[in-house]
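Mind docking chains B and C on chain A? Use the hints.
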Amino acid sequence: MAYQMNFAPVMALAPQLFEGAFNTLILSGQSIVAGIAIGVVGAVGRTEGPRWLDRAIGAYVELFRNTPLLVQLFLIFFGLPYIGLRLSANAAAIIAVALNLGAYSTEILRAGLQAIPRTQIEAGLALGMSRLQVVRYVVIVPALRIIYPALTGQLTLTLLGSSIASAISATELTAAGARIESTTFRSLETFLCVAVIYIAMTFTFRFIYWLIGLLLFRRKAPPKPSLIADISEISRVGV
Amino acid sequence: MSALHINEIQKYFGALLVLDGVSLDIAQSEVVAVIGRSGSGKSTMLRCINGLEKIQAGSIEVAGHRIGPQGGDLRSLRKEVGMVFQSYNLFPHLTVLENVTLAPKVVKGVGREEAEAIAHDVLRRVGLAEKSGAYSDELSGGQQQRVAIARSLAMQPKVMLFDEVTSALDPELTGEVLKTMEELADAGMTMVLVTHEMGFARQVADRTVFMHKGKVWEQGPSEELFSYPQTPELRNFIAPNLK
Amino acid sequence: MIRSFGWESVEFLIRGAGWTLLLSFMTFVIGGCFALIFALLRTLGPKPVRLAIAGFIQLVQATPLLIIVFLSFYGLSFVGLHFPPMVGAGLSLAVYTTVFLGDIWRGCIEAIPRQQWEAADALALTRMQQLRYVILPQAFKISLGPTVGFMVQIVKNTSVVALIGFVELTRAGQLLNNMTFQPFHVFLTVAAIYFAICYPMSFLSERLKGNRHVRPAH
Chain A
673 MAYQMNFAPV MALAPQLFEG AFNTLILSGQ SIVAGIAIGV VGAVGRTEGP RWLDRAIGAY
733 VELFRNTPLL VQLFLIFFGL PYIGLRLSAN AAAIIAVALN LGAYSTEILR AGLQAIPRTQ
793 IEAGLALGMS RLQVVRYVVI VPALRIIYPA LTGQLTLTLL GSSIASAISA TELTAAGARI
853 ESTTFRSLET FLCVAVIYIA MTFTFRFIYW LIGLLLFRRK APPKPSLIAD ISEISRVGV
Chain B
322 MSALHINEIQ KYFGALLVLD GVSLDIAQSE VVAVIGRSGS GKSTMLRCIN GLEKIQAGSI
382 EVAGHRIGPQ GGDLRSLRKE VGMVFQSYNL FPHLTVLENV TLAPKVVKGV GREEAEAIAH
442 DVLRRVGLAE KSGAYSDELS GGQQQRVAIA RSLAMQPKVM LFDEVTSALD PELTGEVLKT
502 MEELADAGMT MVLVTHEMGF ARQVADRTVF MHKGKVWEQG PSEELFSYPQ TPELRNFIAP
562 NLK
Chain C
11 MIRSFGWESV EFLIRGAGWT LLLSFMTFVI GGCFALIFAL LRTLGPKPVR LAIAGFIQLV
71 QATPLLIIVF LSFYGLSFVG LHFPPMVGAG LSLAVYTTVF LGDIWRGCIE AIPRQQWEAA
131 DALALTRMQQ LRYVILPQAF KISLGPTVGF MVQIVKNTSV VALIGFVELT RAGQLLNNMT
191 FQPFHVFLTV AAIYFAICYP MSFLSERLKG NRHVRPAH
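Note that the protein sequences, when read in sequence, are chains A, B and C. The opening residue of the first sequence carries number 673 in my numbering; numbering runs sequentially from there. The opening residue of the second sequence carries number 322 in my numbering; numbering runs sequentially from there. The opening residue of the third sequence carries number 11 in my numbering; numbering runs sequentially from there.
Chain A extracted, bound-state conformation (with noise of 0.2 angstroms):
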């Protein structure tokens, strides 16, 4: 074989790997706060509010839902300032990442609101709570449990679909690993380096979801995070 496996070149610039997945949790990071809070809200939209917004929520899940995210942070870094509004890579990268992320946790989050019985609200507003304390005491706990294994996989796609951002050199760990590939010529090694530092990074996290589940869901084994919990989840993520 001609070509010989050289990692040395790779390993060398090491730390612009580590700052490039620094740069990954601190962009996905801000995307899924932006996303989740998208996603309560379209979620509580559809769900509570007036028949119009229900629909206007809508037509915004399946658009996101429906268009690659690559053409989705194109349109919004290429596209944008056409009507004036001029975003640097990486304010475009977070805003892209966040409005796909929004579209799918809206839908996620709703099924949770739908998978709670009707008579489990009605028997808490019986006993005198309030509509808030009903949410706050008979719908959360169990709403998540039912979705965690969706959320918590759509969150880690969400991680890993951000490696998008490096097609418009936002700074994160994909695009790092493209600068050190075009200086060292190292393609195979230096991507099984980045793939080794994803993978890390997407096990840590789902160890901490698995911790998460098991403080909140003390009660019975928290449901095992993973991609696909469930084949009818399967369309309820993605990137």
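Honestly, I wouldn't trust all of these hints.
Stated by the list, open to error - Derived lysine to any residue pairs resembling SDA-like cross-links, with alpha carbons at most 25 angstroms apart: (1) Lys426/B - Tyr209/C; (2) Lys536/B - Val525/B; (3) Lys426/B - Arg217/C.
Unchecked claim - Calculated from the model, a selection of chain C residues having no Cβ within reach of chain A, i.e. all distances over 12 angstroms: (4) Gly42; (5) Ile47; (6) Lys57; (7) Met211.
For the record, the hints were derived by calculation from the structure and aren't laboratory data. By construction, the Cβ of each residue, glycine as well, lies at the ideal position given by its N, Cα and C atoms.
Relative to the frame of chain A, chains B and C by itself:
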């Protein structure tokens, strides 16, 4: 000559001993009811007979086939030992006719026409000849269970095992299934039935076996066993049923 | 040479969309074949095989699609295999598809109650006959909705091979943008074409999922 010979079998689920040296002899054309509390091992014993559960010690000889702790030729055994389950387990994607003809066709290699002739015959025996085009979700529980019996009969078994076949049925539907089984018994089929229907056991079974703690606790001709239970455990078990 | 965004540009993009569809189809076929093997081996294979497949699935599912594509793309040439871009792109995407579809289909097989296996077993069907006549027909029905749903993901996923230079819809959009400097029009049109392909599939997927009945409609 016995149709079924169970010799000192032992069965563990993990560390739990569920069958503790069970022995039983069943003659050709004999109908044997097995009763006992849940957890007594009666269903497990039945499932061992056609190899759905492995045994850890002892041996079973049924219809000329032998199973031991090493297993046995389950395929050819099952061709001659039919089994009917509590939850019917019809194949929901197939019609009644397809349910009944599947095994004769793919296991015995019977041609389509012959398989359908057999199917029509057994469906007539269970009183469901007109339902051959239906799917299982269009049938009542009692009808589904009769189809399951027909499906098993279509393999022309020498011995038939019934695992609490009326337990999942509404009370008003058990009668039709019990009647089908009684007709089978009258026709000379060798049958082992695990059941909660004491009245049926007493009336139809030649012999009743009471299982307790993984053992054959007491057995005898049905009428005698129910009239004169010898052990306090059996007396306790049947007392509420005598009312 | 296209200088500004017009009908000619739309035509150019639609040709790109043709490649997207072809690539999606190839990915689905190649990935689907391996996925079926994975699903069967993971439910029925010997334990070491099941563990190896589960491990591989865990690793691939924890790696971004883009990195998988880079790795298979460079990995193939590393082991001395050189394919036309179309095949290389298709194979790279197929790795990802195999892992996810394999998992979905395994779920469908495992969703069939154990009693169905037992009933077929008690009727003396062999393991293969049980699969062929009893389990797979039912699993197939259940899998339709999720499978069509995942096809949407496949179509969207093909966009990443734009980043290794394969000219499909997204890459065509990038090229067009370089010629016309009208990114807003270009990428909005690109998004609209993706939507036109994906939305009907998403819709169908939801409809199929509502119909969980395993018997044929009549």
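Hints versus structure:
Our distance criterion of 25 angstroms between C-alpha atoms is broken by Lys426/B and Tyr209/C, whose separation comes to about 44 angstroms. Between Lys536/B and Val525/B, the direct Cα distance comes to roughly 23 angstroms. Compliance with the 25 angstroms bound is thereby established for this hinted pair. At most 25 angstroms may separate the alpha-carbon atoms for a hinted pair to count; Lys426/B and Arg217/C exceed this at roughly 35 angstroms. For Gly42/C, the condition that its CB be more than 12 angstroms from all CB atoms of chain A holds, with the nearest at approximately 15 angstroms.
For Ile47/C, the shortest C-beta to C-beta distance to chain A comes to about 18 angstroms, beyond the 12 angstroms cut-off, and the non-interface label holds. Listed as a non-interface residue, Lys57/C keeps its Cβ farther than 12 angstroms from every Cβ of chain A; the least gap is roughly 20 angstroms. The beta carbon of Met211/C sits about 8 angstroms from the closest Cβ of chain A, which is not more than 12 angstroms, so the claim that it is off the interface is violated.
In this structure, the hints that do not hold are numbers 1, 3, 7, in rising order.
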